[in-house]
Amino acid sequence: MATQTRTLTGAGAAARRSEGVWRDAFGRLRKNKLAIAGAFGVLFLLFCGLFGPILAPWPYQAQDLQAIAANGNEPLAPFQNMSHPLGTDQLGRDIMSRLLDGAQVSMTVAFVVQLVVLFIGIPVGAIAGWLGGRTDTYLMRITDVFYAFPDLLFIILMSVAFRETAFGRALNGVLLVFVAIGLTAWVTVARLIRGQLLSLKETEFVEAARAIGVSDRNIVTRHLLPNAIGPVIVAITLGIPTAILAEATLAYIGIGVQPPRASWGTLIAEGQGFIRSYPWLTYLPGFFIALSLISFTFLGDGLRDALDPKLKGKQ
Amino acid sequence: MSLDLSPDEAARINRAQRDVESAKSKNLLEVRNLSTQFFTPDGVVHAVDDVSFELGYGETLGLVGESGCGKSVTALSLTRLVPNPPGKIVAGSVVFDGVDLLKLSPEAMRKLRGKEIGFIFQDPLTSLNPTLTIGYQISESIRQHMGLSNKASVDRVVELLSKVGIPRSRERLGDYPHQFSGGMRQRVMIAIALACDPKLILADEPTTALDVTIQAQILELISVLSDEFKTAVLLITHDLGIAAGMCDRINVMYAGRIVETGTVDDIFDNPQMPYAWGLLDSLPRLDDVKSERLRTIEGLPPLLINVPDACRFNPRCAYSRDICREREPQLTPRGTGQHVARCWATEPGGWIG
Numbered sequence: 001m002a003t004q005t006r007t008l009t010g011a012g013a014a015a016r017r018s019e020g021v022w023r024d025a026f027g028r029l030r031k032n033k034l035a036i037a038g039a040f041g042v043l044f045l046l047f048c049g050l051f052g053p054i055l056a057p058w059p060y061q062a063q064d065l066q067a068i069a070a071n072g073n074e075p076l077a078p079f080q081n082m083s084h085p086l087g088t089d090q091l092g093r094d095i096m097s098r099l100l101d102g103a104q105v106s107m108t109v110a111f112v113v114q115l116v117v118l119f120i121g122i123p124v125g126a127i128a129g130w131l132g133g134r135t136d137t138y139l140m141r142i143t144d145v146f147y148a149f150p151d152l153l154f155i156i157l158m159s160v161a162f163r164e165t166a167f168g169r170a171l172n173g174v175l176l177v178f179v180a181i182g183l184t185a186w187v188t189v190a191r192l193i194r195g196q197l198l199s200l201k202e203t204e205f206v207e208a209a210r211a212i213g214v215s216d217r218n219i220v221t222r223h224l225l226p227n228a229i230g231p232v233i234v235a236i237t238l239g240i241p242t243a244i245l246a247e248a249t250l251a252y253i254g255i256g257v258q259p260p261r262a263s264w265g266t267l268i269a270e271g272q273g274f275i276r277s278y279p280w281l282t283y284l285p286g287f288f289i290a291l292s293l294i295s296f297t298f299l300g301d302g303l304r305d306a307l308d309p310k311l312k313g314k315q
Numbered sequence: 001m002s003l004d005l006s007p008d009e010a011a012r013i014n015r016a017q018r019d020v021e022s023a024k025s026k027n028l029l030e031v032r033n034l035s036t037q038f039f040t041p042d043g044v045v046h047a048v049d050d051v052s053f054e055l056g057y058g059e060t061l062g063l064v065g066e067s068g069c070g071k072s073v074t075a076l077s078l079t080r081l082v083p084n085p086p087g088k089i090v091a092g093s094v095v096f097d098g099v100d101l102l103k104l105s106p107e108a109m110r111k112l113r114g115k116e117i118g119f120i121f122q123d124p125l126t127s128l129n130p131t132l133t134i135g136y137q138i139s140e141s142i143r144q145h146m147g148l149s150n151k152a153s154v155d156r157v158v159e160l161l162s163k164v165g166i167p168r169s170r171e172r173l174g175d176y177p178h179q180f181s182g183g184m185r186q187r188v189m190i191a192i193a194l195a196c197d198p199k200l201i202l203a204d205e206p207t208t209a210l211d212v213t214i215q216a217q218i219l220e221l222i223s224v225l226s227d228e229f230k231t232a233v234l235l236i237t238h239d240l241g242i243a244a245g246m247c248d249r250i251n252v253m254y255a256g257r258i259v260e261t262g263t264v265d266d267i268f269d270n271p272q273m274p275y276a277w278g279l280l281d282s283l284p285r286l287d288d289v290k291s292e293r294l295r296t297i298e299g300l301p302p303l304l305i306n307v308p309d310a311c312r313f314n315p316r317c318a319y320s321r322d323i324c325r326e327r328e329p330q331l332t333p334r335g336t337g338q339h340v341a342r343c344w345a346t347e348p349g350g351w352i353g
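Those sequence lines, one after another, are chains A and V. According to the numbering used here, the first sequence is numbered sequentially starting from 1. According to the numbering used here, the second sequence is numbered sequentially starting from 1.
Just so you know, not all the hints are guaranteed correct.
FRET-style restraints, in silico, Cβ to Cβ [unchecked claim]:
#1 V:Thr213 with A:Trp22: 32 to 38 Å
#2 V:Ser162 with A:Thr221: 58 to 64 Å
#3 V:Asp211 with A:Phe111: 37 to 43 Å
#4 V:Gly350 with A:Thr135: 53 to 59 Å
#5 V:Ser105 with A:Ile253: 53 to 59 Å
#6 V:Trp277 with A:Pro123: 54 to 60 Å
#7 A:Leu131 with V:Ala108: 19 to 25 Å
#8 A:Thr221 with V:Ser105: 21 to 27 Å
Calculated cross-link-like contacts (lysine-lysine; reagent style DSBU-like; alpha-carbon spacing at most 30 Å) [to be verified]:
#9 V:Lys26 with V:Lys151
#10 V:Lys26 with A:Lys201
#11 A:Lys201 with V:Lys115
Treat the hints as calculated values from the structure; they're not laboratory data. Computed from a prediction, not measured in an experiment: that's the story for all the values here. Virtual Cβ for every residue (Gly too), placed ideally from N, Cα, C.
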């Protein structure tokens, strides 16, 4: 034992710090300028979504009739009058306040939809991948059906079918749209998790875990899912812009958020009739949609690079 | 155990009970006619074929043979970890501490794994989960089987880590496997195997993935700790040199069968099976300066599909005669005590005396 102790203290004596997988990935993410820009965009939008109603100079539905009357019954342009920094619409409603309200809707969409995706996608994918065989076949065919069905059509059908139920009216009809978007988006995560588990369950550490009597359930939740979570985080982040865009599209055609509440999609729809005379009514919400899509996409791409162990040490 | 004992005390009582049990001179493990087959598209592979052996309390038994002889499948069969499908244990019994493991419910079997039987795998690099701290991975079986509180299990893990020779063990609990060298990771694996003070450890080529100096340390550690914990060890290896240093008895396995069993002295001084001679001949020797190349056994172990009723080693055997191709020899006694071998040529009245 004497030789052993000697070599061991030698090996352990080097100064070292505890460095987890996440800290490692964060270090790589920090070097990616686009991803950091995206992260700041995301933080800005989250801030708008969380504190928008507090920061907004006006309630989103309030009409400042005096202001537009003074302007010859025309909407105020941005920076024309500092009590309405980004101007008003033709009804005298403050654009900045409405954009902030829209930010709240979009950020809620971003996260509620991804929650639905996680709650359906991870269990379905994990069960299919772990059990394999017939269960896998059935679950994956169901997934294929969801994948093949046109997303917008599905969401519109769901909104129509459930419009009059309590669920359809919850949160001013918004919840229904969120859940419907989530129901079209979980397939990607389910497939991802399944693929990961199919390869991970053959690894030796699973055999080792079995050999010490870990239950199947704990093997999946404690040993396999943490190993599969990297690609899922990426898929979730990249799924957010899709969800935001879907919500905006639906709002544009009048499904989901109902007036007088504002969503970026409804703002565009309201403004497009006046695009020649008052272009800011369309451009400003359009800019916010673009900003959120670009921010989340850059961040997602950065996360993909940072969490991919094959890229370790590069860049 | 309902009393409020520290893990250390509990372990000591455990070991005292074990002394009493071993005094009854019953075997800890009795494997009888174990057969494991793999059902593949090409046919049924008889990976383990009618294997019987026993292992006493605290004894170290070697299972040696080339790759593909069924050693690992035997170990997996004992704990019922053979992947199914395609593998299946088709016959036999595995009586462990008076209980036939093959008749247990899957749940009861799961509770026994890690608690009564520890497992050390070949490759410590892939047998540890890269996303979990080693503290978690060692404490997993403790929490699973011993029902200790978090604090008590941390103390137990620290104790185990220092037992297996990892310095500053308390600080290293939060480290991940990639922060350890291969030898250190194998120490962690040993700590996991010993975590619940098991009666038996199955060590499946524990040093194959390690370099020779680390190999010596790890073997030393296994042998010291198995003495201290009074744990029986089934050591699977292809290296007769390792088996000689570690084991009390050796089983030589070939093509899914045990072909020779005896004490280390029996096998090394008086091997009774040409396959064992081949294995011994292929050990590198320091005192043999003349031969430049290592000697090998010509050929490969046979595919275990449609095995004929013949000595399985005969195609590679320099001494084979017609009878070797016509009928399979049985394990018959040689000389003293428990030494048995499966060979027509060395049987009494055979052509090699």
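Hint-by-hint comparison with the structure:
1. V:Thr213 with A:Trp22: 32 to 38 Å: About 35 Å separates the Cβ atoms of V:Thr213 and A:Trp22, which means 32 to 38 Å holds.
2. V:Ser162 with A:Thr221: 58 to 64 Å: 30 Å, violated
3. V:Asp211 with A:Phe111: 37 to 43 Å: 51 Å, violated
4. V:Gly350 with A:Thr135: 53 to 59 Å: Given a distance of about 56 Å, which is inside 53 to 59 Å, the answer is holds.
5. V:Ser105 with A:Ile253: 53 to 59 Å: Because 58 Å falls inside the window, the suggested range holds.
6. V:Trp277 with A:Pro123: 54 to 60 Å: 58 Å, holds
7. A:Leu131 with V:Ala108: 19 to 25 Å: This hint holds: roughly 22 Å between Cβ atoms.
8. A:Thr221 with V:Ser105: 21 to 27 Å: 23 Å, holds
9. V:Lys26 with V:Lys151: 37 Å, violated
10. V:Lys26 with A:Lys201: At roughly 38 Å apart (the allowed maximum being 30 Å), A:Lys201 and V:Lys26 break the hint.
11. A:Lys201 with V:Lys115: 23 Å, holds
Consistency with the previously given hints fails for numbers 2, 3, 9 and 10, ordered from lowest to highest.
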